[in-house]
Amino acid sequence: MIMNNYQNPNQNSEGKALDKFAANLCERARQGKLDPVIGRDEEIRRVLQILSRRTKNNPVLIGEPGTGKTAIAEGLAQRIVRGDVPENLKSKQLYSLDMGALVAGAMYKGEFEERLKSVIKEVQESDGEIILFIDEIHTLVGAGGGQGAMDAANILKPALSRGELRAVGATTLNEYQKRYR
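Going by our numbering, the first residue of the sequence shown is number 8, and it counts up by one from there.
What the hints contain is simulated information worked out from the structure, not anything from laboratory work. Bear in mind that the values here come from a model prediction, so they are computed numbers and not experimental data. Note that CB positions come from ideal geometry on N, CA and C, so glycine has one too. Heads up, some of the hints might be wrong.
Between beta-carbon pairs, the in silico distance windows are [stated by the list, open to error]: (1) Lys-27 - Asp-134: 28 to 34 Å; (2) Glu-71 - Glu-136: 30 to 36 Å; (3) Pro-165 - Glu-94: 27 to 33 Å; (4) Ser-168 - Glu-132: 14 to 20 Å.
Build out the structure end to end from the sequences listed, making use of the hints.
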């Protein structure tokens, strides 16, 4: 049986990958759907400082479970919406990547990688206007890397190193030490 007519539902989605696999935190902040962030000003300020650099501008938030790493990203989105950020970040949009949605239902070899590549392509096409928040970033190491496929971390590396992709990661200290040391 020849299966040439299979069409990947993730191809030809033109502007839809971020809608499918990520949530726009800035839009949620505009709509008042995010809780106020209290007591994280220093951490948010540090993330803003790192994001404002020309190089090495992809911070990773490390902390124990339940300590507010995601809240820092939400606070960042709220500050962007209020305009309480450096000039170079005022027009940015912060998207929270949903790794579960990226992986869920990816049953064909390479389907996960195609989904991730489509998200990366949309971010690259935004000319630096989109910053990705990747919660549980340690799950990228090895994700999709079965049977000769590239894992997600290796797909992200070129775009990160060229500055075409801006990201804020979050993970626990234990996972960070296991995967990134």
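Going down the list of hints, with the structure as the test:
1. For Lys-27 and Asp-134, the Cβ-Cβ distance of about 21 Å falls outside the hinted range of 28 to 34 Å, so the restraint is violated.
2. Checked against the hint of 30 to 36 Å, the C-beta distance between Glu-71 and Glu-136 comes to roughly 33 Å, which is consistent with it.
3. In this structure, Pro-165 and Glu-94 meet the distance hint of 27 to 33 Å, their C-beta atoms being roughly 28 Å apart.
4. Hint check: Ser-168 to Glu-132, Cβ distance near 18 Å, so the stated range 14 to 20 Å holds.
Hint compliance for this structure: hint 1 alone is broken.
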